[in-house]
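Q: Use these hints to put chain X onto chain G, whose structure you have.
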Amino acid sequence: MPEIGNIIGIAGHTALGVSIASSVMCVLLGISSKNTTELAVIYRRQQSLVILIFIGLVVSISLLVYSLATDQFALKYVVEHSSTQMQIWYKIASLYSGQAGSLLIWTFAISLSTLLLSRTRTAAFQYRGLNAITLLALIILAFLFPLIFLSSPFQLTNRVFTEGIGLNPLLVDPTMLIHPPMLLLGLASTAIPFAISLGMIISRTASTEWSQSLRRWALISLLILSAGNFLGAWWAYTVLGWGGYWGWDPVENCAILPLIPLAVLLHSKPLQERLGLFYTWNLMLGCLPFVLAIFGTFNVRSGLITSVHSFAESDIGPYFLGLLALTLLAPAVLLSVRTGVKPMKHNYDSVLSIETGLIINNFLLLSIGLVILGGTLFPVASELSNGARIVVGPLFFADTVGPLLAILLFFMAFTAPLAWTKTLKKNYVKRIKFPLSLAALISIFAAFLGASGFINVLAIFASVFGVLIHSFEIYRAVTKNTAIKSSLYDRAFRPFKQNPRRYGGYITHIGLAVMAIGIIASTAYESRNRFTVEPGESFSVGNYSFEYQGLWGQKPETNGIEIEAGTEITLLENNQIVNILRPGRRFFYSAPNQPVAIVDIDSNLIRDVYVFTQGWNEKQVAEIQILIKPLVQWLWIGAGIYIAGVLVSLSARDRSILKNL
Amino acid sequence: MKIKTLNRILLVTILMCISLGAVTSVAAQTPESSIESQALAIEDQLRCPVCVNEGLTTCALALCNDIKNSIRTQLADGRSPDNILLFFEESYGTQIRSGLSPTGFNLWLWSWTAASIIIPIIAIFLIINRLRNGTN
Chain G
4 MPEIGNIIGI AGHTALGVSI ASSVMCVLLG ISSKNTTELA VIYRRQQSLV
54 ILIFIGLVVS ISLLVYSLAT DQFALKYVVE HSSTQMQIWY KIASLYSGQA
104 GSLLIWTFAI SLSTLLLSRT RTAAFQYRGL NAITLLALII LAFLFPLIFL
154 SSPFQLTNRV FTEGIGLNPL LVDPTMLIHP PMLLLGLAST AIPFAISLGM
204 IISRTASTEW SQSLRRWALI SLLILSAGNF LGAWWAYTVL GWGGYWGWDP
254 VENCAILPLI PLAVLLHSKP LQERLGLFYT WNLMLGCLPF VLAIFGTFNV
304 RSGLITSVHS FAESDIGPYF LGLLALTLLA PAVLLSVRTG VKPMKHNYDS
354 VLSIETGLII NNFLLLSIGL VILGGTLFPV ASELSNGARI VVGPLFFADT
404 VGPLLAILLF FMAFTAPLAW TKTLKKNYVK RIKFPLSLAA LISIFAAFLG
454 ASGFINVLAI FASVFGVLIH SFEIYRAVTK NTAIKSSLYD RAFRPFKQNP
504 RRYGGYITHI GLAVMAIGII ASTAYESRNR FTVEPGESFS VGNYSFEYQG
554 LWGQKPETNG IEIEAGTEIT LLENNQIVNI LRPGRRFFYS APNQPVAIVD
604 IDSNLIRDVY VFTQGWNEKQ VAEIQILIKP LVQWLWIGAG IYIAGVLVSL
654 SARDRSILKN L
Chain X
3 MKIKTLNRIL LVTILMCISL GAVTSVAAQT PESSIESQAL AIEDQLRCPV
53 CVNEGLTTCA LALCNDIKNS IRTQLADGRS PDNILLFFEE SYGTQIRSGL
103 SPTGFNLWLW SWTAASIIIP IIAIFLIINR LRNGTN
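Going line by line, the protein sequences match chains G and X. For the first sequence, this note's numbering begins at 4 and goes up steadily by one. For the second sequence, this note's numbering begins at 3 and goes up steadily by one.
No lab work stands behind these hints: they were computed from the structure. It is possible that part of the hints are untrue.
Unchecked claim - One side only, chain G facing chain X, incomplete, derived with CB under 7 Å:
id	residue
1	152
2	362
3	369
4	381
5	383
6	396
7	398
8	400
Remember, predicted model here, so these are calculated numbers, not experimental data. Just so you know, even glycine gets a beta-carbon here, dropped at the ideal spot from N, CA and C.
Isolated chain G (complex conformation) (with noise of 0.2 Å):
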């Protein structure tokens, strides 16, 4: 159906269009507005334009999303990423997996984001809000013109497809239908931030509207864009059968970069709205997130790095180069020269003070990311230099970030019981010295029972003091006025009510902590095997016997999977059959030569038995690589604490967040 396809080409521009105009339309209308009179009624119809920037978007990924499903070969993008094998999902989740799809999927979470700030209702907002919508408009502008000139889904293609490529192997996994959205949806939502941010600089604002409005959509994009490394890490995990959840790559490294400023920001607002300290830091904060995802944009597209996540060398490289400069230098240069509030007079009575805790923790996230920055930088810096590229493995990584991180989750559970302004040396030393005992104790039993290496103890002892204390605060919290009479669930939940952005703080470093603990213990004490066995061979790992009963395989006839093949391993514990694990590989029509591997996992809350088959030959003799991973699960499991801790944090002060945003 060729003719459908180039009416959806024509209609696709033509929507683009509609938003690319409206766009402009918004940006000079901002520009133009030098009358205070007149700013209700120009921004009114600012907010008529992004809903119209919205609607240009939503019929554009619609009809993409109808070409992707109804096998539309007329467009390119459709020949190169979708194929008529794939099931109806897999098919519109080719809508992010090519370069000008995700491109268009970043346009239209910024335009979401904009839509939903601009229908703010706080009075005050919106006049002051004009400079961010206006600015907001011209980042979506900035975004849509790459997707009309140099990289658009709705290209044409010249000759007759009756079958496409189809999807890449590695991306049919269910997770891969929420993953990549909910990144790009996070990066994207950063823009909100930087307009809020950059709009403060121009206007030489400091109201009570904006600093909220800059807290709650820094907290919005950290819980997108935490929940969307996650999902990364989880899918990681299941599909790439390496038995890691994170490899430093460079494009994981871009994906959490933005995420320390934010967090940063978010314990920095704190000091701001109580000291009126660090009022330009916490600006140039806000606009950093941005810049930092416009960076890992321009690593994933420009084909400057080399990674499995980016996309293939391309004309919009240099572009991103260039938006990237422009949103650095934009707010240095402005802030370097508008900034303009005098900050208010503080009052710091003594060190031991929850604002000595946060100044050190910001410090200390400050820290990790230039270390992150330099070990992603550097292959490029050394091609640029002497010619040869020097990757920076995990290795660098764990050897720098890991104590990193652990002196963080210290100084975090050290912050945890500090009041403002000063707090009195004896209440510390009687609110530390539970959960520092307890956790100290756990942590030498841990090196009795056989933990070895001093500093994954160390991290132990962090990890565990971290839970201890933050659980013991939100305790003390909850059985504080006991004298009042209320029922228990009114009392477990007041100081979530009372103080969410306190406790729902707490709830996250509860989440990380216990992160920490998982990813410590699956790292450092997981025990690897690799095994080359006959059918019907039985080979041990510990308590654990595995008995290799043959080869399997299937044709499932779907979503370009030519056939799915492994062996059938039998789990037993203590001569108890476990499970019946059936790991292989999925070899793919459009990929012969790059089978996926199907893992097999035998999961519990003590460990996780991750087994995977690098291959067999015709006699079915199989090599098959065992890993036992002590705690995984607490991983994922803290990842949903820290999840609900943020939605804790978010709740803050009003509970229609949509209202207030």
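A: Just chain X, lined up with the frame of chain G:
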């Protein structure tokens, strides 16, 4: 100390000990001295000489399987892990090592890392000192 507090301590201690005990008991199941575990430790320090950003352990290329087998053969022949690592470094160049030695151009990255840690520490002291002295 109140009974309630004691119960709380006991419960938390038991829960923590169970989980940490589980870590160490599971970890202790593999004898560290076996050839296989030594081979895996060597594999962790090497990367695939062909693929980019791919560890030797996880790479499924035939060349990597040959390297893995060679590691086991050399260990069985009595060669030390350091000698084996040196052998592969001489065969494929320093790029085969996963770690980044603090020599040559790598020093730039290590210097950057040191500065990334030292400068924020100095900043912390300066800020706290200024705050204590009452200056913005």
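Q: Look at each hint and say if it fits the structure.
A: Here is what the structure says about each hint:
Contact between residue 152 of chain G and chain X, as hinted, is not supported at the beta carbon level, the nearest pair being about 31 Å apart and thus beyond 7 Å. For the restraint placing residue 362 of chain G at the interface with chain X, the shortest Cβ-Cβ distance is roughly 6 Å, inside the 7 Å limit, so the hint holds. A hinted interface residue such as residue 369 of chain G counts as satisfied when its beta carbon comes closer than 7 Å to some beta carbon of chain X; here the least separation is about 5 Å, so the hint holds. Against a cut-off of 7 Å between C-beta atoms, the interface hint on residue 381 of chain G holds, since the closest Cβ of chain X lies about 5 Å away.
A least Cβ separation of about 12 Å between residue 383 of chain G and chain X goes past the 7 Å threshold, and the interface hint is therefore violated. Because the beta carbon of residue 396 of chain G sits about 4 Å from the nearest beta carbon in chain X, less than 7 Å, this interface hint is met. The beta carbon of residue 398 of chain G comes within 5 Å of a beta carbon in chain X, closer than 7 Å, and the hint placing it at the interface holds. The interface hint given for residue 400 of chain G is violated, since its Cβ lies 10 Å from the closest Cβ of chain X, which is over the 7 Å cut-off.
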